[in-house]
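Number of protein chains: 2
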Amino acid sequence: MPEPVLLKLGGSVLTKKGGPGIVRQENLALISREIAAHRKVPLLIVHGAGSCGHPEAHRFRLMEGLTVENREGVFVTHRSVSKLNSIVVAALREKGIEAIGIHPLDSCYAENGRIVSMECRHIREMLSRGIVPVLHGDVVMDGMKGATIVSGDQLVSYLGHALRFGRIGLATDVPGVLAGDDVIPVLTPQTIGQVRIGSSRHTDVTGGMEGKIRELVELARAGTCSEIFHVEQTGAFLDGRPHGGTVVRGG
Amino acid sequence: MPEPVLLKLGGSVLTKKGGPGIVRQENLALISREIAAHRKVPLLIVHGAGSCGHPEAHRFRLMEGLTVENREGVFVTHRSVSKLNSIVVAALREKGIEAIGIHPLDSCYAENGRIVSMECRHIREMLSRGIVPVLHGDVVMDGMKGATIVSGDQLVSYLGHALRFGRIGLATDVPGVLAGDDVIPVLTPQTIGQVRIGSSRHTDVTGGMEGKIRELVELARAGTCSEIFHVEQTGAFLDGRPHGGTVVRGG
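Residue numbers (the working numbering), protein chains in the order written: chain G, 1 to 251; chain E, 1001 to 1251.
There may be inaccurate statements among the hints.
[Claimed, not checked] FRET-style restraints, in silico, Cβ to Cβ:
id	chain 1	residue 1	chain 2	residue 2	range
1	G	G166	E	A1179	53 to 63 Å
2	G	E3	E	T1188	49 to 59 Å
3	G	V186	E	R1221	57 to 67 Å
4	G	N112	E	G1065	33 to 43 Å
5	G	G240	E	P1189	54 to 64 Å
6	E	C1225	G	R214	41 to 51 Å
7	G	A162	E	R1079	25 to 35 Å
8	E	D1181	G	M1	54 to 64 Å
9	G	R33	E	V1116	30 to 40 Å
10	G	G113	E	G1193	50 to 60 Å
11	G	G96	E	R1039	39 to 49 Å
12	G	G193	E	C1225	51 to 61 Å
13	E	I1022	G	E72	21 to 31 Å
[To be verified] Below, in silico cross-link-like pairs of lysine-lysine (DSS-like), each with a Cα-Cα straight-line distance of 30 Å or less:
id	chain 1	residue 1	chain 2	residue 2
14	G	K95	E	K1145
15	E	K1083	G	K95
16	E	K1016	G	K83
17	G	K16	E	K1083
18	E	K1095	E	K1016
19	E	K1083	E	K1040
20	E	K1083	G	K83
21	E	K1040	E	K1095
22	E	K1095	E	K1017
23	G	K40	E	K1145
24	G	K83	G	K16
It is worth saying that the hints were derived from the structure and are not from the lab. For glycine and all other residues, C-beta sits at the position ideal for the given N, C-alpha and C.
Full structure from sequences and hints, please.
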């Protein structure tokens, strides 16, 4: 079996963050095509929520803790991000990829905003059977706050470590981590303090590029390398070819 | 907080097993009304798949093990039972119950047909927050066979034990466990061998009344009592009143 790959699809790659949950069909088609062309690679996909879920999470003030008044927000927020997940899964299946949506609300438990417990053995089994699990940023029950928002990036960090992925790629709407106009080719826990990281085009409740880098540097510290590249370079990443993006690795 | 209750809704209570996934709306309305009238009780609901999922599981021969040829059956079967779950959740929410669907495919891992691992801490958190998790019989990844069908009854057994429920009720389309025309009022691991158990009106791949009893006797052996009653007695069970059904308990 080829080495399993964890591929993160940025929320802003999949939806127009300015608009009300509008899916960027051209990117979804491009991604599905590239994945279909690499169907022998065991693949786990995590996608961000993009413009889905964030408005609902804000409206119900989910980040401030769960009460009787706002607990409806768990259902409403989850429904919104699940809808995006269904669209992603459908696009992949249309290209013959055996994709199945897996919802973090159903499989995770967090404390103070961080996943502390998550069923993972079924995901490993799917990978070994040619099924592509598709997870997503989601609202998750939290033992301290009642509920919390877990970003796709936090899922990458958790699953990258728990399932010991050797190859992790993050497809974004920028060419990599930028310092000014230039892509930083390599980031390590040691160099991260020396560069001023440009933000991704849009920011959201889950932290944008800075939040992403924080998660990946933690992963690198624990020995797992990851790569950030423009979505158009997804095929290059899956091939193992140069993609002009950023590699985050241990020092 | 009142003692949490685990309520199982039999598949044949929710759907007409003869037909192609037809929902028994009158039963669903009755159940939703009764649960809404007892909304102070922290409640976990598990429902059977009824006539949803079984035809798909048969068609793809999921019980014979997962191959490249039939692995599509995981998605198709899961989609079918998830649709029934959405209908149940919507009916409960319409009555103001803060119900949320939780899919076993997303949260369980089985070996040789039995759940060996399942995230449960988020379910406990939901119960403490007034959210009603609604689980269902589902296809689940299996480390031996690739995939397996986990019945609602197996979920009752697993969750009853894992979350240490003190009160477990199973709403069915018969008044209780029948020996001939009479309800057996009490079953124990000791008496189970002495009675000839009548089957529930319909049987299915997950074992009908016999499969149900096997799960509940195991639960009783481990110290957890459960009650089987006609769906029209759901209110009586939630009240703690006599329901004319069967109690399965330790000897």
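These are the hints, each one checked on the structure:
1. Between G166/G and A1179/E the C-beta distance comes to about 59 Å, which sits within the given range of 53 to 63 Å.
2. Between E3/G and T1188/E the CB atoms are about 53 Å apart, so this pair conforms to the stated range of 49 to 59 Å.
3. As the Cβ distance of V186/G to R1221/E is approximately 59 Å, the hint placing it in 57 to 67 Å holds.
4. Under the hint 33 to 43 Å, the C-beta atoms of N112/G and G1065/E, about 42 Å apart, fit the expected range.
5. Taken as a hint, the range 54 to 64 Å holds for the pair G240/G and P1189/E, whose Cβ atoms sit roughly 58 Å apart.
6. In this structure, C1225/E and R214/G meet the distance hint of 41 to 51 Å, their C-beta atoms being roughly 49 Å apart.
7. Checked against the given bound of 25 to 35 Å, the beta carbons of A162/G and R1079/E, roughly 27 Å apart, stay inside it.
8. Our hint of 54 to 64 Å for D1181/E and M1/G holds, since their Cβ atoms are close to 57 Å apart.
9. Restraint check, R33/G to V1116/E: a C-beta distance of roughly 38 Å satisfies the suggested window 30 to 40 Å.
10. The supplied range of 50 to 60 Å is met by G113/G and G1193/E, whose beta-carbon atoms lie about 52 Å from each other.
11. G96/G and R1039/E have their C-beta atoms about 46 Å apart, which keeps the hinted 39 to 49 Å range intact.
12. Distance hint check: the CB atoms of G193/G and C1225/E are about 60 Å apart, consistent with the given range 51 to 61 Å.
13. The given range of 21 to 31 Å is respected by I1022/E and E72/G, whose C-beta atoms sit roughly 30 Å from each other.
14. Between K95/G and K1145/E the CA atoms are separated by roughly 26 Å; this keeps the pair inside 30 Å, and the hint holds.
15. Between K1083/E and K95/G the CA atoms are separated by roughly 23 Å; this keeps the pair inside 30 Å, and the hint holds.
16. At roughly 29 Å between alpha-carbon atoms, K1016/E and K83/G fall within 30 Å of each other, so this suggested pair holds.
17. Distance restraint check for K16/G and K1083/E: the Cα-Cα separation of roughly 29 Å lies within the 30 Å cut-off, and the hinted pair is therefore satisfied.
18. A threshold of 30 Å between alpha carbons decides the hint, and for K1095/E with K1016/E the separation of about 23 Å falls inside it, so the pair holds.
19. Pair hint K1083/E plus K1040/E holds up; C-alpha atoms about 27 Å apart against a cutoff of 30 Å.
20. Proposed proximity of K1083/E and K83/G is supported: the alpha carbons are some 14 Å apart, at most 30 Å.
21. Taking the CA atoms of K1040/E and K1095/E, the gap is about 14 Å. The hint holds against a cut of 30 Å.
22. In summary, the hint linking K1095/E to K1017/E is supported, as the alpha carbons are separated by about 26 Å, within the 30 Å threshold.
23. Pair hint K40/G plus K1145/E holds up; C-alpha atoms about 21 Å apart against a cutoff of 30 Å.
24. A C-alpha spacing of about 15 Å is found between K83/G and K16/G, which places the hinted pair at or below 30 Å, so the restraint holds.
The structure shown violates none of the earlier numbered hints.
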